[in-house]
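Chemist: Each chain, written out:
Protein chains: 2
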Amino acid sequence: MPIRVVGFDGDDTLWHSETRFHLTQAEFRDLLQRHAPDADVDARLADKEMQNLSIYGYGVKSFTLSMLETAIELTGGRIPAGDLNTILGWGKKMLTQPTELLDGVEETLRAIAAAHDVYLITKGDLFNQESKLASSGLGDLFLGVEIVSEKNGDTYRGIFKRRGIDPSEFVMVGNSLRSDIVPVVALGGRAVHIPYQVTWAHEEVAEDLLPKQGWRRIERIAELPGVLKDL
Amino acid sequence: MPIRVVGFDGDDTLWHSETRFHLTQAEFRDLLQRHAPDADVDARLADKEMQNLSIYGYGVKSFTLSMLETAIELTGGRIPAGDLNTILGWGKKMLTQPTELLDGVEETLRAIAAAHDVYLITKGDLFNQESKLASSGLGDLFLGVEIVSEKNGDTYRGIFKRRGIDPSEFVMVGNSLRSDIVPVVALGGRAVHIPYQVTWAHEEVAEDLLPKQGWRRIERIAELPGVLKDL
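Top line first, the protein sequences correspond to chains S and Y. Using the numbering used here, read the first sequence as starting at 1080 and increasing by one per residue. Using the numbering used here, read the second sequence as starting at 1080 and increasing by one per residue.
Just so you know, the hints here were simulated from the structure itself, not pulled from any lab data. Be careful, since some hints might not be right.
Just so you know, same-sequence chains aren't split out, so a pair can sit in one copy or run between any two.
To be verified - Mimicking DSS-like on lysine-lysine, the simulated pairs with C-alpha atoms at most 25 Å apart in a straight line are:
| hint | residue 1 | residue 2 |
| --- | --- | --- |
| 1 | Lys1308 | Lys1291 |
| 2 | Lys1171 | Lys1291 |
| 3 | Lys1308 | Lys1172 |
| 4 | Lys1240 | Lys1172 |
| 5 | Lys1172 | Lys1291 |
| 6 | Lys1127 | Lys1172 |
| 7 | Lys1171 | Lys1127 |
Looking at chain S on its own, in the form it has when it is part of the complex:
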């Protein structure tokens, strides 16, 4: 079946995201270590994020709230409010930074959109994802935009139904094995994995859980048009 529809993930596939979380987390570590020199700040924050995931969901606001809670707990409430205000400021900075596209994204997306129906299928905070899309300059290239709270089989099944897409004519392109590759291949779609320079541990998948076929891995998005031809 030839590919008619191409879905693109947003964060770390079209534009940089995880790097910004890492940079903020490094600042957070430095700040907290001034108050609690022996603390494993990264581990405590990661635990807190996982505890809060079912309450807050994904995104920068959730990350900011988890940083604040970690900071208060880890210092036994001794952290000054001014430092917590600094953390609030980091969250705002992340939310207002211009969208920075990965290399080759605009040309590749234009080329693909000329011959396929192209959708953005991205996870996270609705408001922030819309802001990023708006400032990306890519909005007109997408036939549709799906911002979802989680990318699993049910999510993709719903999109296929809503958009009249047969999985056999669909390919998903993204950096997350867990969100972009595994559930799509399981439904009979195809997928192209483009690893990002940093992966959030939560998105990793054990090698033996990966599908044996139906997907390819490439190094950069510019290789995508060639790969789509013989996927």
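Once you have looked at the hints, place chain Y on chain S.
Modeler: Then chain Y, alone, in the frame of chain S:
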């Protein structure tokens, strides 16, 4: 044109929401007045929410972040971290409270859904709105769910296009004149306004900006089936 499609707002139309914000804000006022007895806490928080709306969007996480920032600024950074942790806890409590339906919602929605295509069209935080819908027990009654970051003409136009809805066969039901009534009537749809006991100032509309026809006001959702017949 007979009505084929009915859109329902969620917050304060199907389930209680604003009341919870008000209750939390009352606790916030009490907490802050212990540190700053002369401060106009409500006005400062409202200002902060409006400043942050273009960065955070709507929802409980945004409200929590704005409470924290207001608390720090209003006390000149003197508020103890423990009090800020209390505020974080209020946010979590709001996000995890069970969905509480308004009177008559379930019966009315079942009756309407038996003869119409019914959509949930709601504004706010994607993750939290999905959680509320899931715990409402109403999920199966909706043919589709649209969670959007803002409800204006463009939003409704996009939904009509995506869902194949002609505005002349559509009625929107909600508590907000600004979000549920004015933009829908402007596009040629019809609307039913059901005021809630509390309205967020941001959602209010001056009487002279209201459309002259194409909408009705009822007291409670149980009146809706009767009104749909002769709208």
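Chemist: List, from low to high, the hint numbers that the structure doesn't satisfy.
Modeler: Violated hints (numbers, rising): 2, 3, 4, 5; every other hint is consistent with the structure.
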